[in-house]
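Q: What follows is each chain in one-letter form.
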Amino acid sequence: MKPVLLIAVNFVREQRWPIFVLLLWVLLLAFLGLFSDIPRQREDLLFVFKQVAVYVIAFSVFFGGSAIYNERKSRRILAVLSKSVARYQYLSGLVLGVAITSGIYCFALGLTGSWTLGEAGFPMSRVWFLMLCLLAACVLAGTVALMFSTFLNPFFAAGATAAVLGLPALASHTLATQWQYLIPVYPLAAIIMESSFQDPGTAFWPPLALAVVETLVFWTLSARIFSLVDIAVAVE
Amino acid sequence: MTPALEFQNLSKEYRSFPRRRLKALESFSLRVETGEIFGFLGPNGAGKSTAIHLAMGFMRPTHGGGHMLGRPFGDAQARRRVGFLAENVALYHRRAERLVRFYGALNGMGGSCLAKRARDVLAAVGLLEQSKRNVGRFSRGMLQRVGLAQALVNDPELLILDEPTSALDPLARVTVRELLLQARASGKTIFLSSHLLSEVELVCDRVAVLHRGKLVRLGRTQDLLQSTEKSEIVAHGIAASAFPGAVARNGVVTFSVPASAQREALERIWGLGGEVLSVNPVRRSLEQIFLEVTTGEERAP
Chain W
27 MKPVLLIAVN
37 FVREQRWPIF
47 VLLLWVLLLA
57 FLGLFSDIPR
67 QREDLLFVFK
77 QVAVYVIAFS
87 VFFGGSAIYN
97 ERKSRRILAV
107 LSKSVARYQY
117 LSGLVLGVAI
127 TSGIYCFALG
137 LTGSWTLGEA
147 GFPMSRVWFL
157 MLCLLAACVL
167 AGTVALMFST
177 FLNPFFAAGA
187 TAAVLGLPAL
197 ASHTLATQWQ
207 YLIPVYPLAA
217 IIMESSFQDP
227 GTAFWPPLAL
237 AVVETLVFWT
247 LSARIFSLVD
257 IAVAVE
Chain V
21 MTPALEFQNL
31 SKEYRSFPRR
41 RLKALESFSL
51 RVETGEIFGF
61 LGPNGAGKST
71 AIHLAMGFMR
81 PTHGGGHMLG
91 RPFGDAQARR
101 RVGFLAENVA
111 LYHRRAERLV
121 RFYGALNGMG
131 GSCLAKRARD
141 VLAAVGLLEQ
151 SKRNVGRFSR
161 GMLQRVGLAQ
171 ALVNDPELLI
181 LDEPTSALDP
191 LARVTVRELL
201 LQARASGKTI
211 FLSSHLLSEV
221 ELVCDRVAVL
231 HRGKLVRLGR
241 TQDLLQSTEK
251 SEIVAHGIAA
261 SAFPGAVARN
271 GVVTFSVPAS
281 AQREALERIW
291 GLGGEVLSVN
301 PVRRSLEQIF
311 LEVTTGEERA
321 P
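First to last, the protein sequences are chains W and V.
The first sequence maps to residues 27 to 262 in the working numbering.
The second sequence maps to residues 21 to 321 in the working numbering.
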């Protein structure tokens with residue numbers, strides 16, 4: 027477990043600047059909360075909150091899809107995997123790193139959201155449930171991207187991830203709504219996007235639980251694929 | 021006795037789109053015994069790094085396999101007892117001491133023992149005073165020394181070093197050479213891949229030369245350096261013109277003859293009234309052997 031934690035913390039450390047930039051979005055929401063008339067502009071605040079929330083799903087795909095590629099390209103992966111670190115541990119570290127990165131963002135957004143939206147009358151417990159949905163969606167999206175990045179370059183990995191996450195959503199609109207639960211990133215994002223002051227909704231756990239299970243499935247698949255691939259470095 | 025490192029009929033073929041294939045290693049077998057410094061030589065593209073990466077488990081062989089410290093290649097537990105320094109070392113940008121501790125922690129080390137060990141290895145590579153500096157601001161030579169420190173932090177039984185002295189200044193090279201000799205004295209095994217043949221010649225007990233993925237020369241360094249094909253004869257009391265290629269200095273004549281003609285040359289010296297001062301096998305440099313096996317040309321000593 028120790029190597030997994032070390033790799034995860036190191037991943038977060040390496041991503042500190044993108045995380046900082048992401049947190050500026052949260053800062054934007056905080057500024058809006060500070061300098062606006064919250065009760066009158068609550069719909070605008072909720073709109074910004076939703077937008078800022080779903081952006082991080084795309085960033086998770088970016089984090090997951092580029093993690094292995096960056097380490098391979100810089101050759102830093104060699105020093106790490108030359109230690110007593112199994113491939114599955116390395117991958118687990120990256121998944122945990124993506125989870126911590128998303129978690130930092132979700133926590134910051136949750137704090138800001140519960141303050142701004144809470145003052146406007148949005149139930150605070152609902153804000154935190156939405157953040158939990160967001161975190162689950164981020165970790166699942168990041169893990170899917172990570173799986174593709176074990177054998178594709180980040181550009182194709184991001185494309186493949188978009189297809190895997192988007193096709194069930196498309197199928198739910200064209201075929202049957204149940205299709206959205208195949209890879210439940212879309213229904214989790216939809217929970218956030220459909221929240222309103224008029225109908226804050228209640229906690230609906232199945233997509234969240236499904237996301238956790240699928241994250242484990244994709245992590246296992248990633249670990250299996252990653253154990254079979256060569257860590258490509260320049261041939262002499 | 022279990023060898024420290026053993027490659028068994030190992031082959032590796034790189035495949036790329038559309039149908040390009042490159043054989044990096046072909047039926048490569050090699051046994052590195054415990055406690056020796058083993059030099060691994062070969063020109064660029066010979067397959068040295070590929071062999072090392074296969075041993076470390078970074079790649080999977082196309083055929084064959086091998087063992088490292090008695091465990092199959094790629095075994096994470098075996099790597100706990102191994103120190104590895106990659107060619108063109110790349111490390112995270114953080115303070116040198118923290119970085120070395122990070123790599124030690126990945127190997128299961130911790131606490132005050134790791135902190136002390138990190139400082140000790142940084143001192144051993146001459147970087148203790150720089151231990152609080154970020155390695156991102158280090159020169160290439162200093163970076164290579166930090167790389168060596170991270171390889172040594174777990175007090176490994178087997179050290180696998182890919183070009184460890186390539187970016188070092190002469191003083192740092194001497195430090196590294198002494199470190200390697202100390203490591204051997206304490207029973208460690210060192211597998212050293214290098215282009216610096218003079219370094220290899222100085223420290224290695226045995227060497228192997230790889231060329232186009234195949235092992236073309238293997239043996240004890242001293243045996244390889246001593247040619248059995250030519251002898252150098254030093255005599256006095258004869259004219260230099262008596263033997264082709266002979267050089268006279270202060271009345272002493274030095275020349276080389278094929279080993280098969282050695283007896284005849286000695287009898288001729290005595291016949292001419294001269295005195296033989298010494299007869300020795302011609303000692304070649306590792307560079308000559310390297311060029312000989314990789315270019316197929318024999319270079320004059």
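Be aware that a few hints might be false.
[As the list claims (entries may be wrong)] List time: in silico DSS-like cross-link candidates among lysine-lysine, alpha-carbon distance up to 30 Å:
no.	chain 1	residue 1	chain 2	residue 2
1	V	43	V	250
2	V	234	V	250
3	W	76	W	28
4	W	76	V	136
5	W	28	V	152
6	W	28	V	234
7	W	99	V	250
8	V	152	V	136
9	W	99	V	43
By construction, these hints were calculated from the structure, which means they are not laboratory data.
If you're wondering where the values come from, they're calculated on a predicted model, not measured in any experiment.
Q: For each hint, tell me whether it holds in the structure or not.
A: The hints, checked one at a time:
no.: 1; hint: V:43 <-> V:250; result: 36 Å, violated
no.: 2; hint: V:234 <-> V:250; result: 27 Å, holds
no.: 3; hint: W:76 <-> W:28; result: 36 Å, violated
no.: 4; hint: W:76 <-> V:136; result: 50 Å, violated
no.: 5; hint: W:28 <-> V:152; result: 24 Å, holds
no.: 6; hint: W:28 <-> V:234; result: 40 Å, violated
no.: 7; hint: W:99 <-> V:250; result: 49 Å, violated
no.: 8; hint: V:152 <-> V:136; result: 14 Å, holds
no.: 9; hint: W:99 <-> V:43; result: 23 Å, holds
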